[in-house]
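In case you want the letters, here they are:
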Amino acid sequence: MSVANKEFKPLIVAFCCNWCSYAGADLAGTSRLAYPAEVKIIKVPCSCRVNPLFALRAFQKGADGVIICGCHPGDCHYSTGNYYTRRRITLLYSLLDYLGIEKGRTHLEWVSAAEGTKFAATMNKFVETIHELGENVRLEDLRCKSE
Amino acid sequence: MHGNNDYQQEQIRTISGAEDRKCMKCGKCSASCPSYDSMDIRPHQFVSYLRGGDIDAMLSSKSIWKCISCFACVERCPRDVKPAQIIEAARLMVIRQQGENYLSPDDVPELLDPELPQQLLASAFRKYAK
Amino acid sequence: MQRIGVFVCHCGTNIAGTVDVAEIVEMAKPEPGVVHAAEYPYMCSEAGQNMIINAVKEHNLSGVVICSCSPRMHEATFRKAAEKAGLNPYMVEIANIREHCSWIHKDKAEATQKALTLTRAAIAKVQLNSPLFPDESPVTKRALVIGGGIAGIQTALDIADAGFEVDIVESTPSIGGKMAQLDKTFPTLDCAACILTPKMVDASAHENITLYTYSQVDKVEGFVGDFTVTIRKKARSVDFEKCTGCGACSEKCPSKKSPSEFDQGLCTRPAIYTPFAQAVPNVPVIDREACLKFKTGKCGLCETVCAPKAINFEQEDELVERKYGAVVMATGYEPVSLDKFGEYSYDSSPDVITSLEFERLTNAAGPTGGALTRLSDKRKPKSVTFIQCVGSRDVTQRGKAYCSKICCMYTAKHAMLIKEKYPDIEVNIFYIDVRTPGKAFDEFYRRAEDEYGVRYIKGQVGKVIDNGDHLQIQAVDMLDNKKMELQTDMVVLATAIEPVESAKSIATMLTASIDTNNFMTEAHPKLRPVESPTAGVFLSGVCQGPKDIPETVAQAGAAAAKVIGLLVKDKLMSNPCTAKPDELYCNGCSVCENVCPYGAISYEDCEVNDHGVREVRRVAQVNKALCQGCGACAVTCPSGAMDLQGFSNRQIQAEVDAICR
Amino acid sequence: MVYSYYPGCTLKTKAKELDKNARLCAQALGFTLEEVEAWQCCGAVYPMGTDEIATKLPAVRALHAADEKGQSIVTLCSACHHVLKRVNEDMRQDKDLRTKVNNYIAQEEEPYTYNGEANVLHYLEVLRDQVGFDNLAAKVKNPLAGRKIGAYYGCMLLRPSSVMQFDDPENPTIFEDFIKAIGAEPVVYPYRNECCGGYISLKEKEMAEEMAGKIADNALSKGAEVLITACPLCLYNMDKKTGETLPTVYFTEFLAEALGIKEE
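Same order as they appear, the protein sequences are chains A, X, E and R. With the numbering used here applied, the first sequence covers 1 to 147. With the numbering used here applied, the second sequence covers 148 to 277. With the numbering used here applied, the third sequence covers 278 to 938. With the numbering used here applied, the fourth sequence covers 939 to 1202.
Any given hint could turn out to be false.
Taking CB as the label site, the calculated pair distances span [claimed, not checked]:
(1) E/T785 / R/N1080: 52 to 60 Å
(2) E/P309 / A/F8: 24 to 32 Å
(3) R/P1185 / E/D746: 23 to 31 Å
Don't read these hints as lab results, they were simulated from the structure. These figures come from a predicted structure and were not determined experimentally. Ideal Cβ positions, reconstructed from N, Cα and C, are used throughout, including at glycine.
Input sequences plus hints: build the corresponding full structure.
Now the structure itself:
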């Protein structure tokens, strides 16, 4: 992993659907596949539970990247949930683009329960991207900073 | 040469608007073709040659002068591949080159007969020459 | 403010090896709401669970955070423990500090820091948890099966044998479906009627099964465990109780010109008829469109000859309302219309027939007594040609993009049936690919060529030309790239199959979804293949996708097992993590209703009290028995009225905030 | 009803019978054909290449001329009909082509934009949908009773059916209905929608003769005494092969004869 800025410890929020991606993350753990500790996972029943506002909220509170993981298209436990997610996140990309927030800070990935390797690889790659993008200063509400 | 081939392959795809990747090799295009017996490369082979990038074979084939654009293959293809449009694109690729016309005005007098309709000359020139 | 207890598990050294457990305990204590924090080597052990139970009682805890392995591992364990302690099980949250932390990080400081963040997120969430209670709903211990073909019959028999009542609704006058029309079945070549008719009789004789033939489903209300269905029993014009099935009426009926549905229109039937000799029930119906009495008022011959006086011209449709706990779709298929496939000359030539017509033609009980003859001139054909994939694997407007699955096998069967009876008839089969996955299937297909000398030719036919005394096939043999102008006497088209048209409207009544080809959608394509996404609705047979008889019977049994699993329960407990609307915020826009894959949301006029103003508004209502808790509606709601219990907007935001702190 | 009329190159020369009788019959049947002013040859074959622009312009100009008058544009020749109909559909569906064509037109003396607004009709469609075959039958003065006529559709009127929307491409009936309306007996034969060889007859005379021969044999075997067509090239190819055993005539000639207005 090429780390541009040694000091920079990004803060990354990952939303994982209960049925595929959260289980994929579990499998990454069981297989001892390392990915940076900066990634913190929040469990949701389905990727379609992720309101794009949660991502904005995370950025506002100082997150440097938000990644949403769901079942592969066609495999959604709720049949069609990830299709909603795909459309919503596409709109979120446009919105962030419009706001001047780098598109790379948000990412949508399909990870199945069997793809522990993919989960770890995805997280490694995403953290790398965030390292390249650097700290999120544009959207962070500085009034929220504790110090 | 291979790079050039890739370019020609894409050219034919663009000009034809045909979708060789959808083909399931059922052969219905050739089975419907009234010119089949006169062709050296058959309609279904045009699709598979395009798919495989064998463009030279398509361009040097005599079949491009035998297809009558009757659209029987287009009409009946279950995969919406449009083989006639691939053949048309190959023909255009050839006649758009200098000196490659298949019909010249000099040939015409000896081909004429008193009943021959203007429509035949117009369409033959459209198909055979640029 | 909750009174929260935090329990950190060492998991031996699995967690404690990388995460400083003691520090987590110490750092958790000052978190808002935390009144107790403790650690233990194995929290999931009985001792560990008792520790939690005692702490809940001792510290009067209202919420519990367990820092341990994945909730997919032990969430259920800890929820049960909390319940034992008198706590609502949904007041437990898990911080996954093993799979998501200790197992993937090596640096202890880093891992401890992350574990702390995850713990804080769980604490923040549990602050906002509220007790959730699963709903209980009663189960009507009766099932409805829609469709009386082999799928419906098998499902009904299996459910009935388990001791539950089943009703079969069948739209035609007899049960039996498509299988009753078939001659022999692949790959064993046993006679379809010989294996089906005993089942038909079993179904009609079974004390737990009620048959509603010549009937249709008019209306469905309710939900899993508690459906109310209105069945329309179409007027048979024959009294069920009095009819002895003697057949005198059909024999005497002067209007015998209607095409026989059962024989695919290859012959005619009287206006008063039973579809076939082994029909169950053996009670005729009057086709009022064809009956002279109904058309002209004159005739009534059947009434005269009916000794038991069973004919009743005044009979009207009867509506029956019945309650069911589960509904099984077994509506089956039809061959597609060949109107748009003019190149095969099906409409213009009597000697070009569909495979289903061929089944009747080769059937000993069929219109020719099983003799293979051309319909045009009654001549025995010298050559028969089969064309596969007619309308299947066709992405254009006129066809179906899917493979109809059964055609390769039945075509091989047809070819062998001909060769068996008439070894001198030449049989050619035009195919694109021969697909024979299935037990003993490929061997069967090979036999056609190897043993019976059937000729398989790779290539789709371009055109069939009717030259009067013979048919000409225009094709290309794709393997030697040669044009073929084959002369033949009869052409059989392996016509694509599609779900019956009525399946669509029935699915709509059941709020069950269908795909772009009108096949029923499964709850999960791999893991729940016999359930519809709508709870309490199950799928049997071709209504879900093309399949042959063995597969249909297997699926019918699977659907029955699922139904039995539902009906044995006295009460249904629903997952309490369901969507919940706030009536005050709901603006009645219906967006949530449109995204719900389960049809769980409806709109009702409700009286709401908006800050003292009482008024009737159209607001969203969630049926908890149907909601599966995906949360699509909560995100789509523009006014923020819809939320998901257990994963509420505020809870998830609290987690985000805690992580980003 | 007044229609814009696009005769095309051959109807002014070799296929005068097709043209003249169509105009006469239109009068008799109560509709008017107004020839498009300064029309250009459509090219006789549809330029299939997606990058062909200039070759589609003559059709666009004719289509626009009709649309400007608020009239549907009527054709007789199958080839003209095919080209006009397909170019019009392209102008409706293909945004890229539309832009490029309109860029050309913007350079013309009287620029305009054209987006496929015109309605393209074949004369037979006018008879079927506007006049009505029943109505036509009622106006027939000399029913061609006992004449066994085979309809020869060829390819260009029917295919591709998704664009042409003329009739069922494999089992068309419009010509047969027409034949019945003029009191004759239609002979249905399977090869009626096969291609006569088209332009191939200029250089590949044997190929074309073989194709025409197959069609004629098929029609003869079903009892046809004469074929009717709407296409001068079909007529040429068919007549060349089997003019003596099975003559081919334009459908408008029989129409005029049936209406009793044919000029000898």
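Unsatisfied constraints (hint numbers, rising)
As far as the earlier hints go, not one is violated by this structure.
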